[in-house]
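Using the sequences and the accompanying hints, generate a full structural model.
In the order they appear, the protein sequences are chains L and Z. Last residue of the first sequence: 1013 (this note's numbering), numbering continuous. Last residue of the second sequence: 89 (this note's numbering), numbering continuous.
A few chain Z residues facing chain L, derived, Cβ under 7 Å:
#1 Val-22
#2 Ser-23
#3 Asp-25
#4 Tyr-28
#5 Tyr-31
#6 Ser-34
#7 Thr-35
#8 Arg-70
#9 Glu-71
#10 Tyr-74
#11 Leu-78
#12 Tyr-82
#13 Thr-84
#14 Cys-88
#15 Cys-89
The set of hints was computed from the structure by calculation and includes no laboratory data. The beta-carbon is built from N, C-alpha and C at its ideal position, and this holds for glycine as well.
One letter stands for each residue in the lines below.
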Amino acid sequence: MKSILKIILWTAIALAGAGALAAIAFERSEPLNAVWFVVAALCTYLVAYRFYSKFIAAKVLALDDTRATPAERLEDGHDFVPTSKWVLIGHHFAAIAGPGPLVGPTLAAQFGYLPGTLWIIVGAALGGCVQDFIILFCSIRRDGKSLGQMAREEVSKRGGMIALLAVLAIMIILLAVVALVIVKALKESPWGTFTLAMTIPIALLMGIYLRYVRPGRVLEASLAGVALVMLAVVSGQWVNASPAWSSAFTLSGPALALAIIAYGYAASALPVWLLLAPRDYLSAFIKVGAIAALAIGVIFVRPTLEMPALTRFVDGNGPVFAGKIFPFCFITIACGAISGFHALISSGTTPKMILRESHARTIGYGAMLMESFVGVMAMIAACALQPGVYFAINSPAGIVGKTADAAAATIRGWGYALDPQTMSALAQRVGEHTLLDRTGGAPSLAVGMAQIFSGTIGGERLLSIWYHFAIMFEALFILTVLDAGTRVGRFMVQELGGHVWKPLGKSGSTPGILATSAVMVGAWGYFLWQGVQDPLGGINSLWPLFGISNQLLACVALVVATTILLKMGRARWIWVTLAPMVWLVAITMTASYQKIFSANPRIGFLSQANVLAAQIASGATPAEKIAVTQRLIFNNRLDAAVTAVLAAMILVLIVEAIGEWIAILSGRKAAVLHESHYVATRWAEGGD
Amino acid sequence: MKIVRNWSRTAWVWIRQVSGDAAYENYLRSTRRIARTGEEVARVDSRTMQAGCCSTHATSAQPLTREEFYLHALQRRYSTVSRCC
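Structure below.
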């Protein structure tokens, strides 16, 4: 009787999910309500978790709860700490959820809601969750080893080096692109800039409190910090209204870029307790709170999606970024569907804290489903905007023109209704001077979130405060990624530099810290500066580069996972990792090829460089712009070279891995696993 | 009423654990557990004369103070990738 009820329940869930997905895919007669998206996502996640992740846990990985995990065998109270799965899923989710699942779907909304939504839901269930889960399992079986170490041991020595270089490259591009998102969101915005600037003294105060007054009392310091940040958000309106204060906090794009570069250097070189750690606590609290509020707001307000299922920009001529759905939708949305960066977290702290092998399913697969849901929320918030407004905010001035009249005329020409007064009225309602030319996704997402939040609490009166709360929330945790990433990158540069000159490798040496911080900040700062100077907004070139590098890292993770499955004797199940890997190789290699060689200058780096060079040669470039144009030519060629090197590295790894697979399958080579030895658990069954 | 109280207590414990507020208490608990396991292992070892065969547990003489632990934990956390994009 019980099993019949179960069958009926799961059939109902599956049918509800399928029905909602069908409505999203085929309904064209009227605008869709967000509820369809929530139902489609939740039902798909439930079915995927209940059946697919269970199949992977039981058949593919054969999780074994009688086996002691590293947290039990190596418990040291510091890194190896046995932790309840419900606590660890919170830690893991807070670590994997960054700006990516918010910004990526917002940018991909230019294709319409359909391609991005399907990719987020299906990509996560069959790709991202599988990657996170299996890499977590592999790391647990290897005493918490990192992805690079596993690549070196299980694939080849070169594989480990490729993983290290890929991580460093992705880190540099990631930091540049997220910094660019902040610059685009805060330029000429005194309210937003003031709020974000205030988070620095607030974090410093928290740092001093946590270090000297009440060491380690994270909760009370964070709650006080959150209250002060909310006060800063509200106070921003008075700064905005005061001519003197407003002009002090009105910064241009280049000025903001320089300020962020200086901040990144300081945060990386200062003691970690002073600025980085308290900001991270603050950001984690606000991040989880804002994401939960967005989910509740979407369910409460149930907004209608104004964006069509597919826009005319599926042809590849989109104003936000150029390129067709295949492959660009799939590299624009990385986090939210599948992200190679997650493999670093899944092979970082989480495997050292897991209590039982079976918990890897809830934590690895489950946390990624939650992140995917964040991506769906972001897609809803972006598509709830009028398409004309969405394109006016996200299109660079180089494409739609510099004035509201020009932008409205261009966007109307694309078939989306917009009058110039709508944009100025909206800017006024959210407390900004203008919302035009705000590429990067953050401002349009903030407008969407503010509309949802104000529909729940406060109505029109609080729209401007909600908008700046959303901007602060995005900018705050982007800055956290920036300073934490710069610091980790600094350690990587130190590790590599130590091979060249030993004193550089000493982690405690002040000149070493200052020099390697400068190298790291200089590297991402260069790409940031390039993005700020780019007449097409910078996002058009940098976000695809970030997406390609992130998905290439996912290829590395899935190559490692496939190799391990083969060595475990699970050849019949390797399609579980092989299928997403083949898909990722197809999209990243196609995207890399198009970004380098496409004849369309908005897509291909080399053709863009050639067009600019031809303009100089023909005398079409004004004399005062020749130096800038030459720099743009160099930058485009540099971007092409970076893309080519990344793609080549991954191809080398894949070729080596395929050689290894063939040797194992043909019996020419013994399958040697580098797992730690089996030790039976001493803990009772079922205990958490 | 009791259900509400229990739920509130569970939620409070969860928030303290996830936020890192309870990290020092976890560390002390862990240290005590390691010490106990170490004693058990030592007893087994003295009987079987097979020193160190059953456990790879690290043992430390004196637990860190709250402040030392906090600084130590931060250094370890921020020297590896701890935040994603």
